[in-house]
Amino acid sequence: MPEDITAELESEELVPPAEPKAAHQPLDKAIESQADLSAEISAIGEAYRRALKDGGQPEIQPRLDYPPYRSSILRHPTKSLQHADPETIELYSPAFGHQDVHALESDLTIQHNGEPLGERIIVSGKVLDGDGRPVAGQLVEIWQANSSGRYIHKRDQHPAPIDPNFTGIGRCITGPDGSYRFTTIKPGAYPWKNHLNAWRPAHIHFSLFGTEFTQRIITQMYFPGDQLFPLDPIYQTIVDQDARDRLVATYDHSITEPEWALGYNWDIVLTGPKRTWTENEALGAAGDEE
Amino acid sequence: MSTKLVPTPGQTVGPFYGYALPFEKDNELLPPGFPGSIRLQGTVYDGAGHTIPDAILEIWQPDADGKIVQRTGSLVRDGYTFTGWGRGAVGNSGVFTFTTVNPGPTKPGAAPFISVALFARGLTNRLFTRIYLPEDTEALANDPLLGSLDPERRKTLIARRDPDGGLTWDIRLQGEGETVFLDFQ
Ligand SMILES: [Fe+2]
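Listed in order, the protein sequences are those of chains A and B.
Residues 1 to 290 in our numbering are what the first sequence spells out, letter by letter.
Residues 291 to 475 in our numbering are what the second sequence spells out, letter by letter.
Some clues are possibly wrong.
Within a straight-line C-alpha distance of at most 30 angstroms, the following computed BS3-like cross-link-like pairs (lysine-lysine) qualify [claimed, not checked]:
#1 A:Lys193 with A:Lys79
#2 B:Lys357 with B:Lys397
#3 B:Lys445 with A:Lys79
#4 B:Lys294 with A:Lys126
#5 B:Lys357 with B:Lys315
#6 B:Lys294 with A:Lys79
#7 A:Lys53 with B:Lys294
From the derived model, a few chain A residues whose C-beta atoms are all more than 10 angstroms from chain B [unchecked claim]:
#8 Asp54
#9 Glu141
#10 Asn165
#11 Asn197
#12 Pro230
FYI, nobody ran anything at the bench for these hints, they're computed from the structure.
Yeah, the Cβ is synthetic: ideal placement off N, Cα and C, and Gly gets one too.
Isolated chain B (complex conformation):
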């Protein structure tokens, strides 16, 4: 088939997703305290530096060995099955949290990252970005996307390691320190 169909456009998630999209344990890819689990957290800011209370994120990642998981059951977390996908709405203070594992490299030498889709009221279409782990500096230096960015912008995609082993990574939609968002077309 040579003729490509034109994609259906996106629209804002609006203000009222809060009773529809969240589900029980949506942000727990593993139960907190599960061996190897970490907390991933961050805050979403607008262009005035204010936190956004109505954004919702999805993360999608390989497991700790870098394997891409294709298992169902995300919506009915059984406490054992790691599906690699989670959804987390920010709270009133703009903070999101996930319980997950450090993603492994999907290829030898590749920089491990978590894929992110962001939705918010006032955001007319979803945005994609990535959260890289900070440790493997050689892999980060060789990463094609990070290599295409100047150092200031590059920093927005790399999480900080917390003393408790968790990750902190903030999103700035606009202005100083604006997060790098991705176009895959």
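Isolated chain A, as found in the complex:
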């Protein structure tokens, strides 16, 4: 891709703050179309599927080097990650507790005087480690756009309405069984400036801590059946379909509450090298005393 486009994308990722109509004009004569990007995305996907068929290992994480996500071009390491055996501090995780997070912070619909607009939803699930053990008493943070696809962030210039009753930030501490539960509003899709007519599928950003710092991740949860999945270079940074599917929540009628909110389930698995479980338990017990 031409150097000048990269530079421009670096400086501003979103549609200009002009009147709404301006967003419907071509932004730049040199700007790339969705067809250009989709062709790149498919070519990478096909090459990956061929490699899999030839006995390659499935990829379970996003590629750091994924050119269709233009902002990644100058921001991925070119050298392979250095293998390290985790030592001491890396085998422990920072501790958070109910002192850090108020119980009401898990309800994003009660942070203002009025009710936010949009479809009220409950998102709940469990945070587990690779052996299926609960990650208990840990911090989960989320942030998201409102129902119109607009963030309360000064850099978000998408000409969609701000909802005075919705900030879009939530936190909670997982229960003894690793469970978390947020009440919120279904976020809208929103445009961005990766290429002309680029739209992000609706998503909620999740930040998670495990039982070791090596398990720390930030990711995004998506909603089932989104038509934007094949077009989105960020979702597609994960080239393996099974791996991508792990970011998509499931509609779950048992979480849905009558006359109140639709329910989605999304479980999260954090893996990393392991301390032995006995050490873990000892630590968990000590942590409870704080």
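On the provided structure of chain A, position chain B with the ligand as indicated by the hints.
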């Protein structure tokens, strides 16, 4: 249990974490001026050598005696409790700062270091790395990770000591002087 669950993939932190992840005194593991506190600072660069204005770092470290702290309260800094964890977004000029203490060695003879997780717009998944203190050259020479690196790359993990006692350590995501990032699997 023999069957391992497959991990949930990461995704980029995106451009809009700025109103969600930062919190008051997030980068002050101790208040500035607290006895023994130092400033840790650095700049994050991309592959063109430009500073990155939208990256956010977390540090996680033992205390000055090398003890791993397991105390809650990071999100509500009380001004006295050292939790060992902090979060710092870079400013417009790509610079981050933390107030912390020099980590101690967690085992006799071990090289003290601070563990780092880095997130940025354009970075598709978090990166881990380490910041070693420059002083104990014998411990550095015996460190397994540093020993596995050639001297040029090794330098990217060792902080410089500032005249005021603080530490300076920059991150280069790509290209010349590219920081060593870690894979623990
Ligand atoms: Fe987003």
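Do the hints match the structure? See the list:
1. A:Lys193 with A:Lys79: holds, 28 angstroms
2. B:Lys357 with B:Lys397: holds, 9 angstroms
3. B:Lys445 with A:Lys79: holds, 15 angstroms
4. B:Lys294 with A:Lys126: holds, 16 angstroms
5. B:Lys357 with B:Lys315: Since the Cα atoms of Lys357 of chain B and Lys315 of chain B sit roughly 22 angstroms apart, the hinted pair holds (cutoff 30 angstroms).
6. B:Lys294 with A:Lys79: holds, 29 angstroms
7. A:Lys53 with B:Lys294: holds, 23 angstroms
8. Asp54: Correct as stated: the minimum Cβ-Cβ distance to chain B is 21 angstroms, above 10 angstroms.
9. Glu141: Per Cβ check, Glu141 of chain A is inside 10 angstroms of chain B; nearest 7 angstroms; violated.
10. Asn165: holds, 16 angstroms
11. Asn197: holds, 18 angstroms
12. Pro230: holds, 16 angstroms
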